[in-house]
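Asks: Protein chains in written order, with the numbering used here: chain A, 1 to 113; chain B, 114 to 226.
Think of the hints as simulated: they come from the structure by calculation, not from any bench. Among the hints, erroneous ones may be present.
[What the hints assert, rightly or not] Heads up, simulated DSBU-like pairs for lysine-lysine below, C-alpha to C-alpha not over 30 Å straight-line:
1) Lys213/B to Lys41/A
2) Lys116/B to Lys41/A
3) Lys182/B to Lys64/A
4) Lys14/A to Lys66/A
5) Lys116/B to Lys64/A
6) Lys55/A to Lys225/B
7) Lys41/A to Lys64/A
8) Lys41/A to Lys225/B
9) Lys213/B to Lys55/A
10) Lys213/B to Lys66/A
11) Lys41/A to Lys182/B
12) Lys20/A to Lys213/B
[Claimed, not checked] Example chain B residues on the side facing chain A (calculated, C-beta under 10 Å, incomplete):
13) Tyr145
14) Tyr147
15) Tyr149
16) Gln151
17) Ser154
18) Gln155
19) Gly156
20) Gln158
21) Tyr159
22) His162
23) Arg204
24) Lys213
25) Leu214
26) Gly217
27) Gln218
28) Gly219
We put the beta carbon where it would ideally sit given N, CA and C, even for glycine.
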Amino acid sequence: GAVVSQHPSWVICKSGTSVKIECRSLDFQATTMFWYRQFPKQSLMLMATSNEGSKATYEQGVEKDKFLINHASLTLSTLTVTSAHPEDSSFYICSARIRDAGFFGPGTRLTVL
Amino acid sequence: DAKTTQPTSMDCAEGRAANLPCNHSTISGNEYVYWYRQIHSQGPQYIIHGLKNNETNEMASLIITEDRKSSTLILPHATLRDTAVYYCIVRVGAGNQGGKLIFGQGTELSVKP
Chain A
1 GAVVSQHPSW
11 VICKSGTSVK
21 IECRSLDFQA
31 TTMFWYRQFP
41 KQSLMLMATS
51 NEGSKATYEQ
61 GVEKDKFLIN
71 HASLTLSTLT
81 VTSAHPEDSS
91 FYICSARIRD
101 AGFFGPGTRL
111 TVL
Chain B
114 DAKTTQPTSM
124 DCAEGRAANL
134 PCNHSTISGN
144 EYVYWYRQIH
154 SQGPQYIIHG
164 LKNNETNEMA
174 SLIITEDRKS
184 STLILPHATL
194 RDTAVYYCIV
204 RVGAGNQGGK
214 LIFGQGTELS
224 VKP
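Model the full assembly from the supplied sequences, consistent with the hints where possible.
Replies: Take a look at the structure:
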């Protein structure tokens, strides 16, 4: 149990376009999901906490207007990178919490040309 | 959440036990110790967590010292597939803003034949 999926697994886009990444909890409901990004050879950095039915909470330094988060149901959270630029190229990973543990999706690799 | 300190890297021979240490000297009474691992280009995988008692599951054992200022993750019979970055994280178990997993740099474990 406790499977989290992400879609797409990778995406390449042109600079200036927007990209939506989906995170789904497949066999459980998650009122809280988390979004991370990871640059090469670095650790995961928490971007925001996504709460079902309410506004996301962003970590300091993360632009909420650039990284739009929607948690419309108990099994789906989406992250939209708006007006993507090459510096947004990264590995984006979501996590959903059940009981006391968080379970992670496989990640989405975004490349902005 | 309390900060953790882990060695940057460790080697282990295949078939031998891998003992990964973690210091968390500022841990609070309501903070749990979590262990995750990340294999290259994948999302982190939950391993185990505990509060003050030692814990064991099908993947590993977690030994927490009596003063809770340090812990050790034990992989009893390491295989090549256990090569990964291992993260020790301390976190409050519940609550609205609780539940965030903040990743440090982790220990890069290399299991060698």
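Asks: Next step is simple, just say for each hint if it's right about the structure.
Replies: So, going through the hints one by one against the coordinates:
A distance of roughly 22 Å separates the Cα atoms of Lys213/B and Lys41/A; the hinted pair therefore holds under the 30 Å criterion. Between Lys116/B and Lys41/A, the direct Cα distance comes to roughly 20 Å. Compliance with the 30 Å bound is thereby established for this hinted pair. Simply put, Lys182/B and Lys64/A have alpha-carbon atoms about 36 Å apart, too far for the 30 Å limit, and the pair is violated. Only pairs whose Cα atoms come within 30 Å are accepted, and Lys14/A paired with Lys66/A is accepted, the gap being roughly 16 Å.
The hinted pair formed by Lys116/B and Lys64/A meets the criterion: a straight-line CA distance of about 26 Å does not exceed 30 Å. Proximity of Lys55/A to Lys225/B is assessed by CA-CA distance (about 47 Å); at most 30 Å being required, the pair is judged violated. Using a Cα cut-off of 30 Å, the hinted pair Lys41/A and Lys64/A holds, with the two alpha carbons roughly 25 Å apart. Between Lys41/A and Lys225/B, the direct Cα distance comes to roughly 21 Å. Compliance with the 30 Å bound is thereby established for this hinted pair.
Restraint check: the Cα-Cα separation between Lys213/B and Lys55/A comes to about 16 Å, which is no more than 30 Å; the hinted pair holds. At roughly 21 Å between alpha-carbon atoms, Lys213/B and Lys66/A fall within 30 Å of each other, so this suggested pair holds. Pair hint Lys41/A plus Lys182/B holds up; C-alpha atoms about 28 Å apart against a cutoff of 30 Å. For the suggested pair Lys20/A and Lys213/B, the alpha carbons sit about 23 Å apart, so the restraint of at most 30 Å is met.
Taking 10 Å as the C-beta contact cut-off toward chain A, the hint placing Tyr145/B at the interface holds, the least distance being around 7 Å. With its C-beta approaching chain A no nearer than about 7 Å, Tyr147/B sits inside the 10 Å limit, and its interface hint holds. Annotation: Tyr149/B was flagged as interfacial toward chain A, and the flag holds, the nearest CB pair being 8 Å apart, inside 10 Å. Annotation: Gln151/B was flagged as interfacial toward chain A, and the flag holds, the nearest CB pair being 8 Å apart, inside 10 Å.
Annotation: Ser154/B was flagged as interfacial toward chain A, and the flag holds, the nearest CB pair being 7 Å apart, inside 10 Å. Against a cut-off of 10 Å between C-beta atoms, the interface hint on Gln155/B holds, since the closest Cβ of chain A lies about 6 Å away. Hint on Gly156/B holds. Least Cβ distance to chain A is approximately 4 Å, under the 10 Å limit. The criterion of a C-beta within 10 Å of any C-beta in chain A is met by Gln158/B, whose closest approach is roughly 7 Å, and the hint holds.
At about 5 Å, the closest approach between the beta carbon of Tyr159/B and any beta carbon in chain A falls short of 10 Å, and the interface hint on this residue holds. Here the hint on His162/B is kept, as its CB sits about 6 Å from the closest CB of chain A, short of 10 Å. Hint status for Arg204/B relative to chain A: holds, with the closest Cβ pair at about 9 Å, below 10 Å. This hint holds: Lys213/B has a C-beta 6 Å from the nearest C-beta of chain A, less than the 10 Å allowed.
A cut of 10 Å between beta carbons decides the hint on Leu214/B: the least distance to chain A is about 5 Å, and the hint holds. A least Cβ separation of about 6 Å between Gly217/B and chain A falls short of the 10 Å threshold, and the interface hint therefore holds. The closest approach between the C-beta of Gln218/B and any C-beta of chain A is roughly 5 Å, which is under the 10 Å cut-off, so the hint is satisfied. Evaluation of the Gly219/B hint against chain A yields a held restraint, the C-beta minimum of about 6 Å falling below 10 Å.
Violated hints for the displayed structure, listed by number in ascending order: 3 and 6.
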